[in-house]
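Taken in order, these protein sequences are the chains called A and B. If you're matching positions, the first sequence starts at 1 in UniProt numbering and goes up one per residue. If you're matching positions, the second sequence starts at 1 in UniProt numbering and goes up one per residue.
Keep in mind that the hints were calculated from the coordinates and are not lab data. Among these hints, one or two may not hold up.
[Said to hold, decoys possible] Over the 10 angstroms line for every Cβ pair with chain B, so calculated as not near, a few chain A residues:
#1 Q25
#2 R180
#3 P248
[Claimed, not checked] One side of the interface only, derived from the structure: several residues of chain B facing chain A at Cβ under 7 angstroms:
#4 L156
#5 R173
#6 P221
[As the list claims (entries may be wrong)] Estimated spans, in silico, between C-beta atoms of each pair:
#7 B:R181 x A:F244: 43 to 49 angstroms
#8 A:Q25 x B:R181: 15 to 21 angstroms
#9 A:S146 x B:G66: 34 to 40 angstroms
#10 A:F244 x B:R70: 31 to 37 angstroms
We put the CB at the ideal spot given by N, CA and C, even for glycine.
This is what each chain is made of:
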Amino acid sequence: MDPVSTTAASLEVSGLAFAYPDGHQALFGVDFTIGRGERVALLGPNGAGKTTLVLHLNGILGGGAGAVTVAGLPVDKRHMATVRQKVGIVFQDPDDQLFMPTVREDVAFGPAAAGLKGAALEERVRHALDRVGMGDFADRPPHHLSFGQRRRVAVATVLAMEPEILVLDEPSSNLDPASRRELADILRSLDVTVLMVTHDLPYALELCPRSLILSDGVIAADGPTADLLSDEELMRAHRLELPFGFDPRVTKLTKKDG
Amino acid sequence: MGAGHAHRLYRHGESPVHTLPPHTKLAAAFLFVLVVVSTPREAMWAFGAYAVLLAAVAERARVPAGFLLRRLLIEVPFVAFAVLLPFVAEGARVHVLGLSLSVEGLWGAWNVLAKGTLGVAASVLLAATTELRQLLLGLERLKLPPLLVQIASFMLRYGDVITDEMRRMRIARASRGFEARGVRHWGVLAKSAGALFIRSYERGERVHLAMVSRGYAGSMPVIEEATASPAQWRLALALPCSALVVCLSGWTL
Numbered sequence: 001m002d003p004v005s006t007t008a009a010s011l012e013v014s015g016l017a018f019a020y021p022d023g024h025q026a027l028f029g030v031d032f033t034i035g036r037g038e039r040v041a042l043l044g045p046n047g048a049g050k051t052t053l054v055l056h057l058n059g060i061l062g063g064g065a066g067a068v069t070v071a072g073l074p075v076d077k078r079h080m081a082t083v084r085q086k087v088g089i090v091f092q093d094p095d096d097q098l099f100m101p102t103v104r105e106d107v108a109f110g111p112a113a114a115g116l117k118g119a120a121l122e123e124r125v126r127h128a129l130d131r132v133g134m135g136d137f138a139d140r141p142p143h144h145l146s147f148g149q150r151r152r153v154a155v156a157t158v159l160a161m162e163p164e165i166l167v168l169d170e171p172s173s174n175l176d177p178a179s180r181r182e183l184a185d186i187l188r189s190l191d192v193t194v195l196m197v198t199h200d201l202p203y204a205l206e207l208c209p210r211s212l213i214l215s216d217g218v219i220a221a222d223g224p225t226a227d228l229l230s231d232e233e234l235m236r237a238h239r240l241e242l243p244f245g246f247d248p249r250v251t252k253l254t255k256k257d258g
Numbered sequence: 001m002g003a004g005h006a007h008r009l010y011r012h013g014e015s016p017v018h019t020l021p022p023h024t025k026l027a028a029a030f031l032f033v034l035v036v037v038s039t040p041r042e043a044m045w046a047f048g049a050y051a052v053l054l055a056a057v058a059e060r061a062r063v064p065a066g067f068l069l070r071r072l073l074i075e076v077p078f079v080a081f082a083v084l085l086p087f088v089a090e091g092a093r094v095h096v097l098g099l100s101l102s103v104e105g106l107w108g109a110w111n112v113l114a115k116g117t118l119g120v121a122a123s124v125l126l127a128a129t130t131e132l133r134q135l136l137l138g139l140e141r142l143k144l145p146p147l148l149v150q151i152a153s154f155m156l157r158y159g160d161v162i163t164d165e166m167r168r169m170r171i172a173r174a175s176r177g178f179e180a181r182g183v184r185h186w187g188v189l190a191k192s193a194g195a196l197f198i199r200s201y202e203r204g205e206r207v208h209l210a211m212v213s214r215g216y217a218g219s220m221p222v223i224e225e226a227t228a229s230p231a232q233w234r235l236a237l238a239l240p241c242s243a244l245v246v247c248l249s250g251w252t253l
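My request is simple: use the sequences and hints to build the entire structure.
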């Protein structure tokens with residue numbers, strides 16, 4: 001996982017276009033590259049094609065024009081199993097993500113599907129749960145956990161697969177401020193590449209030095225998060241609105257994390 | 001939902017019956033029921049012996065009699081028709097307290113009641129000493145088709161999620177002044193049921209997506225291996241074996 005030792009970027013998307021079978025075109029040529037260890041936010045209004053893009057990253061959707069490459073591997077039929085191990089997607093609703101009767105089994109699902117067994121599997125599960133601070137909840141059924149805890153377990157289920165890149169779909173939705181901060185601390189502590197799909201702009205600014213704006217199926221802007229959020233015209237043009245009283249220029253000065 | 005941390009049927013404990021591997025208990029309960037139903041109904045004493053056997057298991061499992069008897073009530077609606085049998089069956093009749101009852105019907109009612117009650121009691125004991133999750137592992141281990149076990153385990157996982165959704169829909173209806181009173185409101189309830197179905201169906205699609213994203217390719221990976229030693233099998237099978245002895249003597253005597 002050393003960022004300097006390999007040259008391939010974590011994620012490369014080039015010329016990606018996609019239309020749903022009903023004719024609705026969601027993506028019109030998306031291009032971007034995310035380097036190893038970067039934390040990038042993908043911003044965009046509802047209906048911009050964010051979810052469609054995410055489902056291309058591990059090959060659930062495909063067949064349109066363009067290409068996606070994960071750590072040098074093209075996303076296609078031949079590499080599907082490896083790609084799905086390398087791209088860890090955390091879905092928005094943890095109840096969709098956690099489908100096994102206990103937390104332990106759920107976290108074990110991915111690695112076990114990849115063939116891991118016995119003590120190695122147990123160790124992988126324990127490690128993943130410890131990384132999100134949920135080690136004591138291994139034997140609990142997911143529906144007995146709080147929403148924030150379920151979100152953290154959902155992150156662990158993906159971490160257990162030791163992904164190259166972690167893709168989070170609206171990670172802060174439905175979280176109370178404390179759970180939100182806890183999740184931010186966890187995400188900052190991980191040494192993986194992160195792509196965070198969100199319209200929670202302060203959260204993007206807090207966690208991601210770089211942002212992409214996806215609007216009407218194309219990448220409309222790519223740059224440092226604080227610069228993008230300070231560009232009022234750009235923000236207005238893409239229906240992105242900062243919460244009342246939030247000024248990214250002020251926050252930038254007091255921000256601790258780089 | 002405020003549900004407890006285990007199913008209501010389960011009774012937490014550390015007894016020898018609790019610690020038996022789930023598939024041995026499943027096999028034992030199933031064989032016991034088979035033996036019970038193949039006992040001739042005229043051998044009334046045999047059913048008493050079966051009840052004693054079950055009582056002994058309950059004693060070992062430290063399941064109190066009251067707990068067991070209360071849960072047996074679930075049987076009531078199913079055996080209600082057994083009570084009717086003596087009145088409607090044909091054949092020779094006897095007179096009890098001024099009522100004319102069919103002899104054949106009385107035997108039929110006894111047969112249904114005795115066998116049903118013993119079967120339910122065995123199941124209640126099994127459920128009281130085995131967690132639902134363990135039961136599923138046991139079924140998997142007994143080579144039940146994996147698809148069925150998967151369906152059951154999803155029911156276990158999503159039962160609460162769906163009841164919660166149902167509760168939210170009911171609250172949403174009530175908050176807008178709706179109260180189901182009589183036939184005229186069935187349309188609304190039916191539409192809610194339809195909406196719930198669509199929502200669950202869509203959730204199913206999202207769950208499948210999440211599974212595929214983590215490498216699901218049609219079969220569940222084996223995560224926990226349950227194994228049973230010969231001694232554990234012997235302990236579990238002691239129940240159906242002693243029942244078999246009773247049954248055989250019921251046929252011969």
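Minimum beta-carbon distance criterion (7 angstroms), R173 of chain B to chain A:
22 angstroms, violated
Do the Cβ positions of F244 of chain A and R70 of chain B conform to the proposed distance bound of 31 to 37 angstroms?
57 angstroms, violated
Whether the CB-CB distance between S146 of chain A and G66 of chain B falls inside 34 to 40 angstroms:
35 angstroms, holds
Beyond 10 angstroms from chain B, beta-carbon-wise, is Q25 of chain A?
It holds; Q25 of chain A is separated from chain B by about 21 angstroms at its closest Cβ, greater than 10 angstroms.
Grab the minimum beta-carbon distance between R180 of chain A and chain B and tell me whether it stays above 10 angstroms.
At about 22 angstroms from chain B, R180 of chain A clears the 10 angstroms cut-off, so the statement holds.
Determine whether the non-interface label on P248 of chain A survives the test: each CB of chain B must be over 10 angstroms from its CB.
Since the minimum Cβ distance to chain B is about 33 angstroms, P248 of chain A lies beyond 10 angstroms and the statement holds.
Taking 15 to 21 angstroms as the hint, is the beta-carbon distance of Q25 of chain A and R181 of chain B inside that range?
49 angstroms, violated
Range agreement (Cβ of F244 of chain A with Cβ of R181 of chain B, hint 43 to 49 angstroms)
45 angstroms, holds
Against chain A, with CB atoms and a cut of 7 angstroms, does the hint on L156 of chain B hold up?
5 angstroms, holds
Can the hint on P221 of chain B be confirmed by a CB-to-CB distance to chain A that is less than 7 angstroms?
3 angstroms, holds
In terms of the numbered hints stated before, the structure departs from hints 5, 8 and 10, listed from lowest to highest.
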